[in-house]
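A.B. asks: Keeping the supplied structure of chain A fixed, place chain B upon it in accordance with the hints.
There are 2 protein chains.
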Amino acid sequence: MRVIVDAMGGDNAPVEIIKGAVEASREFNIDLLLVGKEEIINEELKKYNTSGLNIEIYNANEVIENTESPTMAIRRKKDSSLVVAFKLLKEGKGDAVVSAGSTGAILAGGLFLLGRIKGIDRAALTPVLPGKKSPFVIVDAGANADCKPNNLLQFAVMGSVYANSVLGIDNPKVAIANIGSEEEKGNELTKQSYSLLKSKLDNFVGNVEGRDIPEGNVHVVVCDGFTGNMILKVFEGVAGTIFSILKEKIMSSTRTKIGGLLLKPVFSSFKKQFDYTEYGGAILLGVDGLVIKAHGSSNAKAFRNAIRQAKNAFDGKMLNIIKNQLEKLIETE
Amino acid sequence: MRVIVDAMGGDNAPVEIIKGAVEASREFNIDLLLVGKEEIINEELKKYNTSGLNIEIYNANEVIENTESPTMAIRRKKDSSLVVAFKLLKEGKGDAVVSAGSTGAILAGGLFLLGRIKGIDRAALTPVLPGKKSPFVIVDAGANADCKPNNLLQFAVMGSVYANSVLGIDNPKVAIANIGSEEEKGNELTKQSYSLLKSKLDNFVGNVEGRDIPEGNVHVVVCDGFTGNMILKVFEGVAGTIFSILKEKIMSSTRTKIGGLLLKPVFSSFKKQFDYTEYGGAILLGVDGLVIKAHGSSNAKAFRNAIRQAKNAFDGKMLNIIKNQLEKLIETE
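Chains as they are written, first to last, in my numbering: chain A, 1 to 333; chain B, 1 to 333.
With the rest of the complex left out, here is chain A (with noise of 0.2 Å):
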C-alpha cells in the first residue's frame, strides 16, 4: 500500500508528521509519498534511517493554514501539499491521503477534488474514541452542523462498515445520540432518524443517551455534526479536566506524591486506553477516496497511528464495501 502525506499540515509539521511517517512505513511496511516542500521533507529525512524504505517525494511549494477559509484556500492554493495531496490519490499515486492540517480544507478538498461515493449526500468526519467495553466511532463529527435524516442514515451505514473492516467489530451495534431512550424522544431531526432507520437497518438498536455512550455499548453513535462534535469535545474535555485536577491535587503533599507514583501503572494503563492518539484520527466518510484527518496536535505517535488506521481501512477494503452496502440501500428504497 501507498499512503499519500500531507507533510506540511497540522500544528506540529513537518518535524512530527515526517517522523511518524518513517516509523508508519517500517512499522506497517507501507510506501510513502511525502507532498510538500521537497527542502524541508530531504532535511527532515536526513534524521532518519531509511534504508529498504520505498519513499518518495513529490514537490508543493504552498501551504494551508488553520486560519484561512476553506474553500477558497482549496480553490486558490493549487500547489498547496493538500491540494496537491488529493490531485495524486484522484490520479490513482496512491491510496490514502493522511493529513494534520485544517478540517475545513480537507473537508472541501475531499468534496471538490475527489466527489462523493455515489448514494452520498454528505461526507462525515468519524473519530474513533475510547469506551469502557469497546472503542466506538462518531457519525457525524463536525463536517455537516445541520442534518436530515437521509444524513443520518447514510452515516450510519459507513460508520457500520467503518466499525466493522476498520475496528474489527462483528455486527456493530447502530444508535442515534438523543437526551432519552424512547423513539419519542429527543428534536425533530432525532425522532425522524429513529423510524427511518428502525426501517432501514438490522443493526439499529435505538437511542443512545449521552450518559451510556462513554461506556462503549453502542458501536456506531449517529448524529449531525454540531451533536457529534460536541459530544467530542466533551468527551476530551471532561477527561482534560478531571485528569489536570487529580494531577494537581496528587502534587499537593507528600502522602499523595508517594500514592500517585504507586499508582503510575494505573494512569499510563488508563492513558493509553483512552488515548486519542491510540486510534489515529478521524476518517472522512462518504467521499471517493480514503482520507484520515489526523488530530492537529499530532506527534509522530499520532500521525504513525493515523497511518495505520488508512492501512486497515485498505486492507479491510472498507471503500468498496461501502459502496455495495449503499447500493442495496438505495434498491431497497
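I should point out that these hints are in silico values taken from the structure, not numbers from a laboratory.
Don't be surprised by glycine CBs; every beta carbon is placed ideally from N, CA and C.
Heads up, a few of these hints could be off.
[Unchecked claim] Computed footprint of chain B on chain A, listed as stretches where at least three residues anywhere in the stretch have a Cβ under 8 Å from a Cβ of chain B:
(1) 181-188
(2) 214-228
(3) 238-247
[Claimed, not checked] The calculated label-pair distances, taken between Cβ atoms and stated as ranges, are:
(4) PRO265(A) x SER297(B): 43 to 51 Å
(5) SER297(B) x GLU27(A): 31 to 39 Å
(6) SER181(A) x GLU188(B): 23 to 31 Å
(7) ASP121(B) x LYS317(A): 51 to 59 Å
(8) ARG255(B) x PHE28(A): 32 to 40 Å
(9) ASN320(B) x GLU182(A): 35 to 43 Å
(10) SER134(B) x LYS118(A): 45 to 53 Å
(11) LYS272(A) x GLY180(B): 56 to 64 Å
(12) LYS264(A) x ASN320(B): 50 to 58 Å
(13) GLU327(B) x MET251(A): 44 to 52 Å
(14) PRO265(A) x ASN320(B): 51 to 59 Å
[Unchecked claim] A few chain A residues that don't get close to chain B, going by computed Cβ distances all over 10 Å:
(15) ASN54
(16) ASP170
(17) VAL234
C.D. replies: Structure of chain B alone, referenced to chain A:
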C-alpha cells in the same frame, strides 16, 4: 422562608426526601410543607427529632410516576403530590417547590399551573455544573429540544441572574455552546443567536467549545435543550466512566491498592468538587415561581442541597430580578 416539598417524588422517596428536608429545615432555618400521603410522611417523620422545626403536612393521595405521560399526568392526577405542591405555591402557601420527581411532569406542571414569566416564551431547566475554575450553569439542559435565537437570549438573561443571585458570581460571562469559537461557526441556531446576543447583552463573550466548557471560564452556557442535555449527560458519563475504570485498575494489585489508599484525600476532595449532589438540583427558569428539580436519584444530602438552592434563589430575590431584567430587554426591542 417556607419550602413546599413533593415528598413522594424521586427514586428514593419518601425516605431520603423527608430525611433531607428535615436536615435542611434545621440547618438552614426553613419551614416545610410536606406534600404526599399523610400517614407515610408521619411515619417517616417519627425517625427524626423535629422539635422546634416548623413542619406541616398536606395530604395528597396520588403519585406521578416517571413512566407516565407528563402532560396527561398533570391534567389527570389532580390529587398527586406534585400537582398539589404547585397549587399550594400558586396560592401563596409557600415560597418554592422542590421535587425529585419526573422532569417532564415538573416542567409540564410548572408551565400549566404556574404559568410563564411575562416576556419568556420557553421555560428552561438549568443545572449547575462543577467547572475547574468556577461552577457554571447550562440553560437549557433539556426542556426544549428545538429552540429559536430569541429563546437563547431569554435563557441568557435568566441564567445570568441565576448565576449572580444564587451562585454569587459577579457579572457572569455568557457564551453560546458551539463547535467553533468564531462568530460564523456552528449550526443555523448558533449563527443566528450570536448576533442577537451580541447586540443585546453586555456580558456576552462569544462561543464556547465543548472542550472548554469544563474549565469553568464561562458561567452561563446557553444552548437548545437537546445540546444542553447532551453536554450534561456526556459530562456525567465521562466522569463516571473514568472513575469506574480507575477504581477497577486500582483494585487490581497490592501496589496500586496502597497507592489508592494514599490518594484517598485526593479522590474525596475531587469528588466533593465534582459531585452534582453538592449543587442540589436544576432550577426551572422562566415559570412564575421558584421550582427546583432535584436529581431523580437524590439521596438526603442532594435533596437537602436542592432546598438550600431554593433558599439561595429566594434570598437573592431571583424571580424579581429576572422580571426586571426582562422588562428592560423588552424596552430595548
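A.B. asks: Check the non-interface label on ASP170(A): least C-beta distance to chain B beyond 10 Å or not.
C.D. replies: holds, 23 Å
A.B. asks: Lying within 44 to 52 Å: is that true of the beta-carbon distance GLU327(B) to MET251(A)?
C.D. replies: 50 Å Cβ-Cβ, so the 44 to 52 Å window holds.
A.B. asks: I want to verify a distance hint. Is the separation of the beta carbons of LYS264(A) and ASN320(B) within 50 to 58 Å?
C.D. replies: holds, 54 Å
A.B. asks: Given a hinted range of 23 to 31 Å, is it respected by the beta-carbon distance of SER181(A) and GLU188(B)?
C.D. replies: About 27 Å separates the Cβ atoms of SER181(A) and GLU188(B), which means 23 to 31 Å holds.
A.B. asks: If I claimed the Cβ atoms of ASP121(B) and LYS317(A) lie 51 to 59 Å apart, would that claim hold in this structure?
C.D. replies: holds, 52 Å
A.B. asks: Does the no-contact call for VAL234(A) survive, Cβ to all of chain B over 10 Å?
C.D. replies: violated, 4 Å
A.B. asks: So the hint says 51 to 59 Å: do the beta-carbon atoms of PRO265(A) and ASN320(B) match that?
C.D. replies: holds, 56 Å
A.B. asks: Is the distance from the Cβ of ASN320(B) to the Cβ of GLU182(A) consistent with 35 to 43 Å?
C.D. replies: At roughly 38 Å between Cβ atoms, GLU182(A) and ASN320(B) fall inside 35 to 43 Å, so the hint holds.
A.B. asks: Does the Cβ-Cβ separation between LYS272(A) and GLY180(B) fall within 56 to 64 Å?
C.D. replies: The hint (56 to 64 Å, Cβ to Cβ) is violated, given that LYS272(A) and GLY180(B) are roughly 30 Å apart.
A.B. asks: Three or more residues of the segment 214-228 of chain A near chain B by CB distance under 8 Å?
C.D. replies: With 6 residues close enough to chain B, the hint holds.
A.B. asks: Grab the minimum beta-carbon distance between ASN54(A) and chain B and tell me whether it stays above 10 Å.
C.D. replies: holds, 38 Å
A.B. asks: Looking only at beta-carbon atoms, does the pair SER134(B), LYS118(A) fall within the given range of 45 to 53 Å?
C.D. replies: Because 51 Å falls inside the window, the suggested range holds.
The structure does not agree with the numbered hints 4, 5, 11 and 17 stated previously, though it agrees with the rest.
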